[in-house]
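Student: As a plain string of letters, each chain reads:
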Amino acid sequence: MPLITLNNVSRRYETGETTVHALRDVNLQLDAQAFISIVGPSGSGKTTLLNVIGCLDKPTQGAVSVNGTRVDGFDNRDAAQFRGDNVGFIFQNFNLLPVLTVYENVEYPLVMVQNVPENQRKERVMRLLDAVGMADQKDKYPSQVSGGQKQRIAVARALVADPKLVLADEPTANLDSVSAHKVIELMRGMQHELKTTFIFSTHDPKVVREAEIVYTLEDGQITNRETRAGLTN
Amino acid sequence: MKNIFKIAFRNLKRYKRRTLLTSLLIVLGVVLVIVFSGISSSFKTMMIGTITDSMLGHLQIHKKGYVSSIDNLPLHLNLGDKQIAELTELLDKQDNVEAYTFRIKLGAMLSNYKETTNIRLTAVFPDMENKTSPALADRIFESTKSADKFIEPGELIVPENLATGLNLKTGDDLVLVANNKDGSVNGIGLKIAGVMQGLTGPSGRDGYIHIDDAKALLRIDGNEISESAIRLKNPDDIKQTRARILHELEQFSNEKGKPAFELHTWAQLSPFSTIVTVVDLLIITVKIVLVAIVLISILNVMMMSVFERVSEIGTIAAIGTLPSRILGLFVAEGFLLGLFSTIAGNVVGVLALNLINLANFQFSFGRMENIILKTSIAPGELITVSLIVIAITLVSSFQPALKAAKMQPVDALRHV
Chain A
422 MPLITLNNVS
432 RRYETGETTV
442 HALRDVNLQL
452 DAQAFISIVG
462 PSGSGKTTLL
472 NVIGCLDKPT
482 QGAVSVNGTR
492 VDGFDNRDAA
502 QFRGDNVGFI
512 FQNFNLLPVL
522 TVYENVEYPL
532 VMVQNVPENQ
542 RKERVMRLLD
552 AVGMADQKDK
562 YPSQVSGGQK
572 QRIAVARALV
582 ADPKLVLADE
592 PTANLDSVSA
602 HKVIELMRGM
612 QHELKTTFIF
622 STHDPKVVRE
632 AEIVYTLEDG
642 QITNRETRAG
652 LTN
Chain B
42 MKNIFKIAFR
52 NLKRYKRRTL
62 LTSLLIVLGV
72 VLVIVFSGIS
82 SSFKTMMIGT
92 ITDSMLGHLQ
102 IHKKGYVSSI
112 DNLPLHLNLG
122 DKQIAELTEL
132 LDKQDNVEAY
142 TFRIKLGAML
152 SNYKETTNIR
162 LTAVFPDMEN
172 KTSPALADRI
182 FESTKSADKF
192 IEPGELIVPE
202 NLATGLNLKT
212 GDDLVLVANN
222 KDGSVNGIGL
232 KIAGVMQGLT
242 GPSGRDGYIH
252 IDDAKALLRI
262 DGNEISESAI
272 RLKNPDDIKQ
282 TRARILHELE
292 QFSNEKGKPA
302 FELHTWAQLS
312 PFSTIVTVVD
322 LLIITVKIVL
332 VAIVLISILN
342 VMMMSVFERV
352 SEIGTIAAIG
362 TLPSRILGLF
372 VAEGFLLGLF
382 STIAGNVVGV
392 LALNLINLAN
402 FQFSFGRMEN
412 IILKTSIAPG
422 ELITVSLIVI
432 AITLVSSFQP
442 ALKAAKMQPV
452 DALRHV
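Going down the list, the sequences are from chains A and B.
Letter by letter, the first sequence follows residues 422 to 654 in my numbering.
Letter by letter, the second sequence follows residues 42 to 457 in my numbering.
Worth flagging that the hints you see were computed from the coordinates, not collected in a lab.
Just to be clear, a hint being listed does not mean it is correct.
[Stated by the list, open to error] Here are the simulated DMTMM-like cross-link-like pairs (lysine to aspartate or glutamate), alpha carbons at most 20 Å apart as the crow flies:
1) B:K43 <-> A:E525
2) B:K447 <-> A:D493
3) B:K47 <-> A:E525
4) B:K447 <-> A:D496
5) B:K447 <-> A:D499
6) B:K444 <-> A:D499
7) B:K54 <-> A:E525
8) A:K479 <-> B:E130
9) B:K47 <-> A:D496
10) B:K47 <-> A:E539
11) B:K444 <-> A:D496
12) B:K54 <-> A:D560
13) B:K43 <-> A:E539
These figures come from a predicted structure and were not determined experimentally.
With the rest of the complex left out, here is chain A:
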């Protein structure tokens, strides 16, 4: 059974008298434990697709299932609950909470979302901080670490609650090429180790090369699907 299924999903935005079709009749099935990239020009609908899959946005029409659950009809509370249990997010701007230390940022989903007891939290947080190479920086605040390090912390935060799926919207867009490569390597390594499905959007061809499967979006429609082995559609 696929981890994610989209059936005839469309998403329209009304901006004044203009209607923007961000997604048009998208049909998609994504298997678990894959490392998937969504590519396409600006405005092609990559972020909208990730938002719909991640229950951050609702489709105007069509059905979305994640991990066997229909998510397109969720209200705010149910969507938040579902995201907390199943989805990790990595953002282009890192989006770490500035008032929390590196350790506390990674710990946040366990404390504020999943209510994991303190004795279990420490082990999980330290394991992930160790895995992303940030254990020695755990007491620093986000303002005290570099952009690449922030994104590594964000990767740890996305994975700490043991989600089925991690969504990363342009995770390397604000990083230099070296840091971008390290972050993608890290994500790839974590995907292998934890068997978590990663879906990320990107413009960067070097980053795209790391993906197992690449979907191309144009004008809200999937126009191409590639695997590492070569063109399949």
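Following the hints, position chain B against chain A.
Tutor: Chain B alone, transformed into the frame defined by chain A:
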């Protein structure tokens, strides 16, 4: 919960200047209320104490209709032997009555053999009067007598204004001339035993004589009184005590079958009660100002806080933080701001009151001079002010917090 408060506290520290300014505003508001309440309540309590302890007592009983004619000091509305006996029996069995006294109020002409003037007099049993009005003796100067015998037959305590106007002093001989209730005139000679400090309000400028002299002057056979003043053990229970005594007085009726007595509280007899009401209204006004300060400042700071952290709200919502928890985060922030400001305001406010006490400020009120301002505030008042501030901080931070909780994460994340 601990983590919610931890994050809320750090967010307050994050915007130090704004937090400090808002907190300062609330602290000032709390201090304003505490100092104003402390001063005005103390002034009120002191004035009420002076009026009740040295003049009116807490309650007064008269013959029905006396108070409406009190300016004329009507002798025909005095109470006789039978009513005095009834009142004595009734008052003796009241739990909350500490003491009571009987008085004759009369008007007379006073002469020092050179000049003659009008005088209002209160004729008293000195021992009963001293128990009912324990501060009365403190108002007498130029006297060497003990409090329970501050006036004896043959003596007169003249009010301060007449003593000054007629240049009277202790030991001077005077003549009092008065009409009795039949209209005939009588006079007696008396010696000045002291001078009574004037007070604002009814009876505040009365002279005092012994009740035996009043009976002689007015040619009263047997016993007669104009009023009974009552001192309560617990003045805070004045309403209940009044209701209880009033209920018992209803059993006594006059020859027309109407109530024989009337009962008034000090507040009904003294114009100072209007000042008390004004002071109470001013305290309420200052509290309303405090509420407005807290409401506006917290609302403003929390709205700014939400507006500046839209992206962060989007992040924590995307991660899976429930809307109720986001609400809690912002309400906790407002609550902590209110709590710390209230604590600081209480400390500074109480310190300010102590400083005022140390400064020994003196003031005059009416004819009362050199009154030292002694301020204090009841712990209950501090708790009330604190609870008001905290409740308002919760209310005012709720709306911005709700706005944050209802934010769609997809819109919030898009915010730059």
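Student: Of the hints given before, which are not true for this structure?
Tutor: Those not satisfied are hints 8, 9.
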